[in-house]
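J.: Numbered according to mature numbering (1 follows the signal peptide of the UniProt record, and there is no 0), the sequence shown spans residues -25 to -1, 1 to 133.
Among the hints, erroneous ones may be present.
As the list claims (entries may be wrong) - Here are the simulated DSS-like pairs of lysine-lysine, each with C-alpha atoms no more than 25 angstroms apart in a straight line:
id, residue 1, residue 2
1, Lys49, Lys66
2, Lys76, Lys30
3, Lys83, Lys49
4, Lys77, Lys30
5, Lys49, Lys77
6, Lys83, Lys66
7, Lys30, Lys49
Just so you know, the hints here were simulated from the structure itself, not pulled from any lab data.
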Amino acid sequence: GDSLQNHLLLGIETLLLFMIKSGFTEKTHGDSVHQTEGYIVISQWDPVVLNCSYKSSFTAFPFWYVQYPNGHPKIFLRDTGREDSDEGIVKGFNAEHDEPKKSFHMWKPSSELSDSATYYCIARDTVTRTSGGTEQKARKSREAVTGSYKRETRGLIS
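Please take these sequences and the hints and turn them into a complete structure.
T.: See the structure below:
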């Protein structure tokens, strides 16, 4: 059988209701993001799917952020302007932005212990295409995310 050391813990949080708006960078009237809640515990090498749906009154540009233990949230995988160098792509994750259904689900066919982290789905109403502007917006978004989520300790099951 599988030992507990072969399990991986993916912490998934949802924005608190009064913090939902910080996931958007401009218009926020009635906008929200919903994603898988709580923890997902899976065996190493098993597939993993993280669901994300949003409601918005504007054209949204969804992103996945990751936060590793003792780290800060950072862009993991994006829809618009996706780069092969995005960490999510490099680590074997993929995501599909279904605009009519307003979803940006992310998956990986075979998980690894190094995937243990907290994942955030964020939607914005604008995307800056220059690398400097994108980094500035990402920095602002990280600051918003850092202040928006309830912090809990996460890690591997031991």
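J.: For every hint, state whether the structure bears it out.
T.: Status of each hint after checking the structure:
1. At roughly 14 angstroms between alpha-carbon atoms, Lys49 and Lys66 fall within 25 angstroms of each other, so this suggested pair holds.
2. A distance of roughly 9 angstroms separates the Cα atoms of Lys76 and Lys30; the hinted pair therefore holds under the 25 angstroms criterion.
3. The straight-line distance between the Cα atoms of Lys83 and Lys49 is roughly 18 angstroms, inside the 25 angstroms bound, and the hint therefore holds.
4. The suggested pairing of Lys77 with Lys30 holds, with an alpha-carbon distance near 7 angstroms, which does not exceed 25 angstroms.
5. The suggested pairing of Lys49 with Lys77 holds, with an alpha-carbon distance near 22 angstroms, which does not exceed 25 angstroms.
6. With a C-alpha separation of about 9 angstroms, the suggested pairing of Lys83 with Lys66 holds against the 25 angstroms cut-off.
7. For a cut-off of 25 angstroms, the pair hint linking Lys30 to Lys49 stands: about 23 angstroms separates their Cα positions.
When held up to the earlier numbered hints, the structure conflicts with none and fits them all.
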